[in-house]
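Peer 1: Given chain A's structure and the hints, the job is docking chain B onto it.
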Amino acid sequence: MASKPRTLYEKIWDEHVVERSDANDDGGTCLIYIDRHLVHEVTSPQAFEALRVSGRTVRRPDLTLAVPDHNLPTTARLDSAGKRLPIADAESAAQLAALETNAPAFGIRYIGATDAEQGIVHVVGPEQGFSLPGATIVCGDSHTSCHGGLGALAFGIGTSEVEHVLATQTLLLTPSKTMEVRVTGDLGPGITPKDLVLHIIGVIGTAGGTGHVIEFRGKVFEEMSIEGRLTVCNMSIEGGARAGLVAADETTFAYLKGRPLAPKGDDWDKAVAWWKSLATDPGAKFDKSVVIDAADVQPTVTWGTSPEDTVAIGGVVPDPASFADPSKQDAARKSLDYMGLIPGQRMDEVEVQNVFIGSCTNSRIEDLRAAAKVLQGRTKAPSVKWAIVVPGSGLVKAQAEAEGLDKIFIAAGLEWREPGCSACLGMNPDKVPPGERCASTSNRNFVGRQGPGARTHLVSPAMAAAAAVMGRLTDVRELT
Amino acid sequence: MEPVKLISGKAYPFGRKNVDTDVVIPAHWLKTISRDGLGKGCFEVVRKEPSNVFDDPAYAGAPILIAGDNFGCGSSREHAAWAMLDMGITAVIAPSYSDIFSSNAFKNGILAVALPQAAVDRLMEVAKTDPITIDLEHQTVTTPFQDRFTFELDPFRKHCLLNGLDEVGLTLARQDAIAGYEARASKDLPFLAKGIAAAG
Chain A
75 MASKPRTLYE KIWDEHVVER SDANDDGGTC LIYIDRHLVH EVTSPQAFEA
125 LRVSGRTVRR PDLTLAVPDH NLPTTARLDS AGKRLPIADA ESAAQLAALE
175 TNAPAFGIRY IGATDAEQGI VHVVGPEQGF SLPGATIVCG DSHTSCHGGL
225 GALAFGIGTS EVEHVLATQT LLLTPSKTME VRVTGDLGPG ITPKDLVLHI
275 IGVIGTAGGT GHVIEFRGKV FEEMSIEGRL TVCNMSIEGG ARAGLVAADE
325 TTFAYLKGRP LAPKGDDWDK AVAWWKSLAT DPGAKFDKSV VIDAADVQPT
375 VTWGTSPEDT VAIGGVVPDP ASFADPSKQD AARKSLDYMG LIPGQRMDEV
425 EVQNVFIGSC TNSRIEDLRA AAKVLQGRTK APSVKWAIVV PGSGLVKAQA
475 EAEGLDKIFI AAGLEWREPG CSACLGMNPD KVPPGERCAS TSNRNFVGRQ
525 GPGARTHLVS PAMAAAAAVM GRLTDVRELT
Chain B
98 MEPVKLISGK AYPFGRKNVD TDVVIPAHWL KTISRDGLGK GCFEVVRKEP
148 SNVFDDPAYA GAPILIAGDN FGCGSSREHA AWAMLDMGIT AVIAPSYSDI
198 FSSNAFKNGI LAVALPQAAV DRLMEVAKTD PITIDLEHQT VTTPFQDRFT
248 FELDPFRKHC LLNGLDEVGL TLARQDAIAG YEARASKDLP FLAKGIAAAG
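Just so you know, the protein sequences line up as chains A and B, in that order.
The numbering of the first sequence is the numbering used here, which starts it at 75 and goes up by one.
The numbering of the second sequence is the numbering used here, which starts it at 98 and goes up by one.
For the record, the hints were derived by calculation from the structure and aren't laboratory data.
Mixed in with the good hints there might be a few duds.
Claimed, not checked - Derived CB-CB ranges, DEER-like: (1) B:G277 x A:P400: 52 to 60 Å; (2) B:E234 x A:K408: 46 to 54 Å; (3) A:D393 x B:K225: 42 to 50 Å; (4) B:L267 x A:A150: 44 to 52 Å; (5) A:G478 x B:P147: 25 to 33 Å; (6) A:A150 x B:E146: 35 to 43 Å; (7) A:E191 x B:G185: 53 to 61 Å; (8) A:G357 x B:G134: 38 to 46 Å; (9) B:M98 x A:K157: 44 to 52 Å; (10) A:I484 x B:E146: 38 to 46 Å; (11) B:K291 x A:G262: 19 to 27 Å; (12) B:E146 x A:D393: 32 to 40 Å.
Backbone N, C-alpha and C fix where the C-beta goes; we use that ideal spot for every residue, glycine too.
With the rest of the complex left out, here is chain A:
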């Protein structure tokens, strides 16, 4: 066992086993230690209530960080006198108030709605150095897979598991299978990590990674920024995978060094030495392997209501009859009906009335720079009624303002908002009206995801900016 080559996933798993349910070492339920737990307002109230009812406490409040994001309106939070503005929706207000009360009551550090560091959990974790390579990281949100971009084993959990982690700092889990997505060659000019991950999901399908943890391997990822790796791992869940991983390297260490909650001094040196030891061993076997040629990746958009419904911007809406599987034909027909598209229609002729730049997938500084680069000196098309830019955190917002990006967005006719999950999901005031289209940098194009009847096209930040300028889905390379 000791000398068998192991993957990055297997090394992190083995390091965190508290107990195995059987002596065989392979498979079976294990008790796994959790190093970092992120908590937000939507999936935690019932967990805290359960602790309260049973008289239980939080085992390691110091491994837990709470921040509101999903429900929080992205409009101004303070009035001109610096006083907090009330939240109009009573249910949202109650849910946000519950987190604000629960976190300190259980000894958990809380970043409040008006704090400079507030933001989307999956932006805040890496940014604060709370999320670290080799750590097990959980949150009651499926896009926790995001933190795998730092080489952490990170995955979403349900509320019962949130309660379990709060009470015990562990989870009862069965090992996942391992899957390698190896990308060969280089991405073409103007092709972004978002295009790449949409393309990958189009290839493997939304259930392609079910039961697996994906490790993204190849030169493309080694040369990719941390922001890009976070985007790719964020959407691993859309390929069905529990988690996504990119091995930590010098880029990761440079990103983390000096962040407020990252290790310091002697601990830092020890950490780097251990992080380096976690890389997948030569000769380690993956249960499943998919190879993607980077040269095949074009600026990518979605046409349907599943993230696997992807097509290059130069392509057309597919004919449902072109799918081999009868149930996929049926699903495609339903999707096209919902989306109001017809087979053979060119994707770059699809008009959009709304543009959303934000979400845990694409709201980091690099994303905002990419969008601003396209919008510089341009304005949104008059037919685009609503276009918003929502930074992932207060620190991203401050950085963007220091670089003057906010002025570019505003000059182009886009709104510049406060940090939060915003129009990624229809549970705060930022929604797309029924029957209208949105070019969105978020992660899900499900029926009703951005509001009842809303039609979502998933795109990269640069492509969203191009859509805002042209009023239709557009190959951003035409604008550069």
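Peer 2: Coordinates of chain B only, in the frame set by chain A:
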């Protein structure tokens, strides 16, 4: 949690593939701080379709839902499981499930039975007229027509379901093992073990 042994009754022959948890319960229902009352929003979008199975009186109150591949994909919201329970659904039969839904179902005593597509197709037919029985102890699904399908289930999950065990309670009984791990980790992985109090 109540022990689960036998689930028998009508089944919704839904059959759709890749049903995401936004379809099971849309986000605007998630602004609650309780687990109750979500049945009203369960499959809200589907229920707007004419002649959907959920509003067909023939299946009213069915405890079983039959679906296609990859049921419960997408969001981790446990509200999906709570909403189904509130609607009276205590078992799902499908060829496969998303990892997170499968776990959320189990924690709420919902049986997520995985059967091959051919068996699911057969049960879809039977459900249109007759009841279906799921026997957890023997891991079988049967119909009044001599159909008998067996399914796999993690032995630990089966044990918890049959005995109605509280997982948090079970793990709290392993405090010594957890403390032992933490003692090891504080030596071997101090940069993870110290937590954020130390980082200031």
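Peer 1: The hint says 25 to 33 Å between G478 (chain A) and P147 (chain B); measuring C-beta to C-beta, is that right?
Peer 2: violated, 53 Å
Peer 1: Taking the CB of D393 (chain A) and the CB of K225 (chain B), does the distance hold inside 42 to 50 Å?
Peer 2: Since D393 (chain A) and K225 (chain B) have Cβ atoms about 31 Å apart, the given range 42 to 50 Å is violated.
Peer 1: Kindly confirm whether 44 to 52 Å is satisfied by the beta carbon distance between M98 (chain B) and K157 (chain A).
Peer 2: Check passed, 45 Å falls within 44 to 52 Å.
Peer 1: Falls inside 38 to 46 Å, the C-beta gap from I484 (chain A) to E146 (chain B)?
Peer 2: holds, 42 Å
Peer 1: Is it true that G357 (chain A) and G134 (chain B) lie within 38 to 46 Å of each other by Cβ?
Peer 2: violated, 54 Å
Peer 1: Is the gap between the beta carbons of A150 (chain A) and E146 (chain B) within 35 to 43 Å?
Peer 2: Holds: the Cβ-Cβ distance is about 40 Å, inside 35 to 43 Å.
Peer 1: Just tell me: holds or violated, for the beta carbon distance of L267 (chain B) and A150 (chain A) against 44 to 52 Å?
Peer 2: holds, 47 Å
Peer 1: Lying within 19 to 27 Å: is that true of the beta-carbon distance K291 (chain B) to G262 (chain A)?
Peer 2: violated, 44 Å
Peer 1: Is it true that E146 (chain B) and D393 (chain A) lie within 32 to 40 Å of each other by Cβ?
Peer 2: violated, 23 Å
Peer 1: Between E234 (chain B) and K408 (chain A), does the C-beta distance stay in 46 to 54 Å?
Peer 2: violated, 39 Å
Peer 1: Look at the Cβ atoms of E191 (chain A) and G185 (chain B) and judge whether their distance stays inside 53 to 61 Å.
Peer 2: For E191 (chain A) and G185 (chain B) the Cβ distance comes to about 44 Å; the hint is violated.
Peer 1: Indicate whether the distance between the beta carbons of G277 (chain B) and P400 (chain A) respects the range 52 to 60 Å.
Peer 2: Holds, at about 54 Å.
Hints 2, 3, 5, 7, 8, 11 and 12 from the list above are not met by this structure, while the remaining hints are.
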